[in-house]
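Respectively, the protein sequence lines represent chains A and B.
Numbering that gives the first Met the number 0 puts the first residue of the first sequence at 0, with every later residue one more than the last.
Numbering that gives the first Met the number 0 puts the first residue of the second sequence at 0, with every later residue one more than the last.
Any given hint could turn out to be false.
As the list claims (entries may be wrong) - When the alpha-carbon atoms are kept at most 35 Å apart in a straight line, the in silico DSBU-like pairs for lysine-lysine are as follows:
hint	chain 1	residue 1	chain 2	residue 2
1	A	Lys1	B	Lys251
2	A	Lys62	A	Lys1
3	B	Lys186	A	Lys62
4	B	Lys358	B	Lys186
5	B	Lys251	B	Lys358
6	B	Lys251	A	Lys62
Simulated from the structure, these hints should not be mistaken for laboratory data.
Bear in mind that the values here come from a model prediction, so they are computed numbers and not experimental data.
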Amino acid sequence: MKLLLDSTRCQGYGLCHEPAPELIELDEWGYARVREHDVPQGGADAAEAAVAACPNSALRLVK
Amino acid sequence: MTGVFSLLPEGRPGLLAPLLSGAWLSGGSEDASRYLAAGGYAPLTAPDRLLDRLLDRIAAVGLRGRGGAGFPTAVKIHAVRDAPGPPVVVANGEEGEPGSVKDRWLLRHRPHVVLDGIRLVAAMTGAERGCVYLSDGPAERAVRRALAECPPRLRIDVVRTEHTYVAGEETAVVRRIDGGPALPTAKPPRPFERGVGGAPTLVANVETLARIALMYSRPEAAGAVAGTHLVTLSGVRGASALAEVPAGTHLKVLADLCGHGRAQAVLLGGLFGGLHGTGWTDLPLDHDRLRAAGGGLGCGALHFLHPEDCPVAVATEAAAYLAAQSARQCGVCVSGTGALARTLTAVARGQAGDEAADKLHRWSRQLPGRGACGLLDAAARIVATLLAHFPDHVDAHRRSGCPACEGAAPEDGRRFTVPVP
Chain A
0 MKLLLDSTRC
10 QGYGLCHEPA
20 PELIELDEWG
30 YARVREHDVP
40 QGGADAAEAA
50 VAACPNSALR
60 LVK
Chain B
0 MTGVFSLLPE
10 GRPGLLAPLL
20 SGAWLSGGSE
30 DASRYLAAGG
40 YAPLTAPDRL
50 LDRLLDRIAA
60 VGLRGRGGAG
70 FPTAVKIHAV
80 RDAPGPPVVV
90 ANGEEGEPGS
100 VKDRWLLRHR
110 PHVVLDGIRL
120 VAAMTGAERG
130 CVYLSDGPAE
140 RAVRRALAEC
150 PPRLRIDVVR
160 TEHTYVAGEE
170 TAVVRRIDGG
180 PALPTAKPPR
190 PFERGVGGAP
200 TLVANVETLA
210 RIALMYSRPE
220 AAGAVAGTHL
230 VTLSGVRGAS
240 ALAEVPAGTH
250 LKVLADLCGH
260 GRAQAVLLGG
270 LFGGLHGTGW
280 TDLPLDHDRL
290 RAAGGGLGCG
300 ALHFLHPEDC
310 PVAVATEAAA
320 YLAAQSARQC
330 GVCVSGTGAL
340 ARTLTAVARG
350 QAGDEAADKL
360 HRWSRQLPGR
370 GACGLLDAAA
380 RIVATLLAHF
390 PDHVDAHRRS
400 GCPACEGAAP
410 EDGRRFTVPV
420 P
């Protein structure tokens, strides 16, 4: 499973970071950076929560 | 004035006729009869066999795309051919790099060889539609004239776009052809999966297509065709040139060709391949070797820095140009290129604090790969290579400024712009 970020949609709300800090970090301007695009085992719930948290649908999961 | 010349030996059997040769060097355009006489538009007899052989040949000689990414062309053609539905073939002639002229030159002077490339790739992939994508007015007129002169079997549209740094990026190309703005989109999907009108789309640089056409008419020279590059050479103090040269040529040889032999550094790949100092003269014109050196061949544009050009000023102007050319779609690109350009400007003016170099180091590592297109990567690479090759210059500027930079270089990228010959 891959966690993909559409950087044209990321507005820097930062809400994705809280449920998935191990998958996503925020840069100094608040924009998301996906640490590892391949979601590790056991990370699916956090990835889904991050996707759901984005108010601008910038994140998606691809199987 | 930009000179035009070829380093290829002419007239010996087995060698290719250079793309830059013949009467059209003087400014004319190759017409259909001349192209046909040179072996162009060769019939697609026994199409399956011959065309499969062409595809095998493209793979065997390792032809790589000439737009900048250097992706293996055969892999791209296979991907489009194997995707479901009839594909679309796009000849991408929108060269966004200000220091490159080869694509516009080809379309203006040799439109038929590019159209022949579209025809061949369409036949190989089963495409029913082709498109020439460009921004240059004279190129558009030449292509339309060529299409009228020798009407193709498949529908070929000419789509005009605005001339920006990102307009030739492959997803921007698709978006513009579909009637939208020429701005990149997030990937995946890439155009080979979902492109023009949702169809699998091969977006190929015009030089790549021209080389495919040459390989079809001159099979015995396929290796030489794939191993030859159009390059644009420039520098503020010296001549500019469009040249056709064998892969592996040392960059010093290219610099000598147009009076840049004393250059202290070179900016590679237009603005995409970074700034290279000590040791640049030994680098060969080769995708992999330049990548291993932390740079990139990109579209083959090389800008030489005279010993009196300040590398910090050049990097600052490049970063500022890229920041201004950001499509302003990705927040990280707006913030990232802006921060790089502002901090470099402060360094150039001797107004940067102690933390400036650390910040530049950090950003140049953290920003690549984060935008929808490669513009942010280009800006980050310029900064990374400036820090790697000219740490003393950066340090000296930070402490006391520099007379060359105080004179404030124009930040509109004029320095990098080469007129089309």
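Query raised in the report: So which of those numbered hints doesn't the model satisfy?
Result: 1 and 6
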